[in-house]
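K.L.:
Listed here are the chains, written in short residue letters.
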Amino acid sequence: AQKVTQAQTEISVVEKEDVTLDCVYETRDTTYYLFWYKQPPSGELVFLIRRNSFDEQNEISGRYSWNFQKSTSSFNFTITASQVVDSAVYFCALSEAGGTTGANSKLTFGKGITLSVRP
Amino acid sequence: KAGVTQTPRYLIKTRGQQVTLSCSPISGHRSVSWYQQTPGQGLQFLFEYFSETQRNKGNFPGRFSGRQFSNSRSEMNVSTLELGDSALYLCASSPTGHRTLINYGYTFGSGTRLTVV
Chain A
1 AQKVTQAQTE
11 ISVVEKEDVT
21 LDCVYETRDT
31 TYYLFWYKQP
41 PSGELVFLIR
51 RNSFDEQNEI
61 SGRYSWNFQK
71 STSSFNFTIT
81 ASQVVDSAVY
91 FCALSEAGGT
101 TGANSKLTFG
111 KGITLSVRP
Chain B
1 KAGVTQTPRY
11 LIKTRGQQVT
21 LSCSPISGHR
31 SVSWYQQTPG
41 QGLQFLFEYF
51 SETQRNKGNF
61 PGRFSGRQFS
71 NSRSEMNVST
81 LELGDSALYL
91 CASSPTGHRT
101 LINYGYTFGS
111 GTRLTVV
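If you read the sequences in order, they're chains A and B. Number 102 in the working numbering belongs to position 102 of the first sequence; there are no gaps in the numbering. Number 93 in the working numbering belongs to position 93 of the second sequence; there are no gaps in the numbering.
Among the clues, some could well be false.
[Said to hold, decoys possible] Listed next, the in silico DSSO-like pairs over lysine-lysine satisfying Cα-Cα at most 27 Å (straight line):
#1 A:K16 to A:K111
#2 A:K70 to B:K13
#3 A:K70 to A:K38
#4 A:K70 to A:K111
#5 B:K13 to A:K3
#6 A:K3 to A:K70
#7 B:K57 to A:K111
#8 A:K16 to A:K38
#9 B:K57 to B:K13
Hint data in this document are derived by calculation from the structure and do not stem from the laboratory.
Model the full structure from these sequences, guided by the hints.
P.N.:
Given below as structure tokens:
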């Protein structure tokens, strides 16, 4: 069974601080996908990144960066120089390859991390 | 292009009633998934439809059902509502192919917030 653990529940930082959101996953599949989503107060889940299990390269997108380490089953997310607009709930999610039924099997989400960035 | 559209945005129902929620995916997306979000259980997968067929199902009672139409629009229905069904229901669409191993990710709508009283 697949599982995603986001041990941090709430993080509060002051603007311009760097912050890292942790994500640890469990899966028996060798082919899987990892995602990060942001949920602002409006409720919509905003896609941030997708990473497949064969690509361990770290990725940087502006102030956002992701560190994928299969050896520790972790997919951590760092926001550099945080801003008030980064305040939201952040979810890490896992999707195993669909096997015989197709690629888009279910997303298993972590419980989310509430990030508050204070001015 | 237009995103995933869910209607209605808010809904208040009474215990025992039934409710139907609607989701219009991004044009060209054929896969539609539904998720329930509650403070206690978090985000949980309900089901996924592809080409009008349920392709995957989560661990929810039979009171939760769905369907997909030929234009990929999807509806989910909850019968005999219980207080615990109060939640944000999110729909996600994906540009998937059939039996492809590539997961292109999911675009979510803003959700329907259902309150059962």
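K.L.:
Would you mind marking each hint as holding or not holding in the structure?
P.N.:
Going down the list of hints, with the structure as the test:
1. A:K16 to A:K111: 25 Å, holds
2. A:K70 to B:K13: 45 Å, violated
3. A:K70 to A:K38: OK: A:K70 and A:K38 at ~23 Å, within 27 Å.
4. A:K70 to A:K111: 21 Å, holds
5. B:K13 to A:K3: Roughly 33 Å between the alpha carbons, so the hint for B:K13 and A:K3 is violated.
6. A:K3 to A:K70: 15 Å, holds
7. B:K57 to A:K111: Status holds; Cα separation ~20 Å.
8. A:K16 to A:K38: 19 Å, holds
9. B:K57 to B:K13: 25 Å, holds
Violation of the numbered hints given earlier is confined to hints 2 and 5; the remaining hints are satisfied by the structure.
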